[in-house]
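Each chain is listed here by its residues.
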Amino acid sequence: MSTLTDTRPGNDTAAIGLFEAAEFIWREGEILDRQDYADWLPLWTDDGLYVIPIERGDGDHADALNIAYDDAEMRKARVKRLKSGFSISSAPSARTVRSASRFVLGGQQDGATVVRCAQTIVEYKFERTRTLAADVVFHLVRRDDGIAIARKEILFLNSDDFVWGIGYLP
Amino acid sequence: MDMPISADDCGLDPGELVQDDRVHTALYTSEELFDEEMDRIFKNTWVWVAHASEVPTKNTFKKSWVGKQPVIVTRDKEDNVHVLLNRCRHRAASVCEQKQGRTSVFVCPYHGWSYNIDGKLRSVPHAKVYGEDFDKDEFPLISLRTEEYNGMIFATFRDDIEPLVDFLGPAKKWIDLFMKQGAGYPVKALGEHQFRFAGNWKIQLENTTDAYHFPIVHKTFLDSLDADTSNVFDVLGQGGWVEDLGNGHSLMVMIPDLVDLEENLDAPIPERFADLAKALREEGYDEDKVRRIVRAVGGTGFNLNLFPNVACSMAFFRVLRPVSVAETEIRHIAIGMDGGPEAANRVRLRLHEHFQGPMGFGTPDDAEGWERVQRGSASGEDLWIMVNRGKDTLDGHPAGPDVTDVSAETGMRAAYGMWKRMMTA
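Line by line, the protein sequences are chains A and B.
So the first sequence is residues 0 to 169, counted in numbering that gives the first Met the number 0.
So the second sequence is residues 0 to 424, counted in numbering that gives the first Met the number 0.
One chain only, chain A, in its complex shape:
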């Protein structure tokens, strides 16, 4: 059984421990809630994929319609759009407060540590507060300058039902 203490990084330089992963994901969450998107982009590997699927089930979702399927270029374009001041859904966007918890290590895959967690975003705009709950799977890799995201897949609880215009980054 793992505990927060005995999974801290140490012996294995490649694998990422549970607490280290959680700490990274919390930091990423804070960056996103603050909408410091310029600080978010460097957290990614060059070939990282940010995926918000509609269909529930495994696979890389490349041949399915998704809510988002962003490579580095699309992430950059998205951040530019959200921060441009010309997108009425993002200027202002809803305010968000998010929590991540229920972290579970999912082993190594293609040189990355797989971390599964629960994420709850509460958003507020114009007299309305709403919740977006999701299962999130991170593929995290260790770089010289710290941890980076090789894949982040966010499966909304209601991914295959209606959602609404989302003017921020889940």
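Hints listed in this document are in silico derivations from the structure and should not be mistaken for laboratory results.
This one's a predicted model, so the numbers in the text were calculated from it and none came from an experiment.
Beta carbons: idealized from backbone N, C-alpha and C, even for Gly.
Don't take every hint at face value.
[Said to hold, decoys possible] Chain A side only, calculated, beta carbon under 10 Å to chain B, not exhaustive:
1. L17
2. E54
3. R77
4. I87
5. R127
Got chain A; can you put chain B on it based on the hints?
Using the frame of chain A, we list chain B on its own:
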């Protein structure tokens, strides 16, 4: 006249609330009118329910709606399409809560009545208590009149209205042109974005025939494109037009070059599709086929708005569903080539995601704009919504004598004219 008028003063008379160049705010805000619309419009005309590819083979189904009423679109084992009310004939429980799938039978979860996929009541548990005169033929799932044009499936509660093809009229030609984006393959639904906004359904209906907002609301989408593509989406500057097609339907051509996707196949392949063209050639497609697919992959240059609930919008189907007077659900159905190259369908999916859906570079800003209309309608309840833009027809336009500017509100006037006709019938 431009006098504010209280909707109550004219008794919420639909004949008064819609005029040639304006409609009353009550059309967005009155629950009473909304209930009337569900009855007088959505129960009295052809309502789009599905694309044929969503029920692709025998014994497949997809849930949908006619107005506020949940239905199941099914394809039976004889290949006939049915639209069935999703309600057990016994004590009303819904018989299907799966979005889409394959089955030969719907079993009511409450008392086990089972129905064939064509709606026929198949069996009733412990039937003998009903007595010997119980006739299963009296209790099929209620089946609506269903007709199809070029893959577009519509249903209606009315057995006595005109055939679908007559209802569509001149819109049929544009449906045929729209389906050319299959590039010789049948058009297939690839998936759908589903979202709601807090606003009346007609705000969305208007939007599909509103080029005026495009450069304003979608500036950040345009800014995300390369220079060539950005020019393609200069929707107000290419000599496009809007025309009334009758029965509330309208056409808005924004990119005249992309009206007929089987023309101009010799034009240079746009830079943004160079990789796709290369991939298709490597897969062994001949140059004619490559050019046909590449020209079709980005969709058409027009929106065909079909009253009351669907549009063939450039590269996708846009379907609206009224939920309440101030809430509407939208589906943006991505389409591709059934049996076509995977690489090309993948490009279509990525293009769709780029603009459409809850996190597209376009949709959230549209939805925000529509919600702002609803919020704004809370003040000045006696004021009018102006749809008077571009009333004059264009002189000498190649599309003919009856067309108006691409940014004209002609399509909205057409829809509201039909609204008035149906609401006062």
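Consistency of the hints with the structure:
no.	hint	verdict
1	L17	violated (30 Å)
2	E54	holds (7 Å)
3	R77	holds (7 Å)
4	I87	holds (5 Å)
5	R127	holds (8 Å)
Violated hints amount to a single one, hint 1; each of the other numbered hints is respected by the structure.
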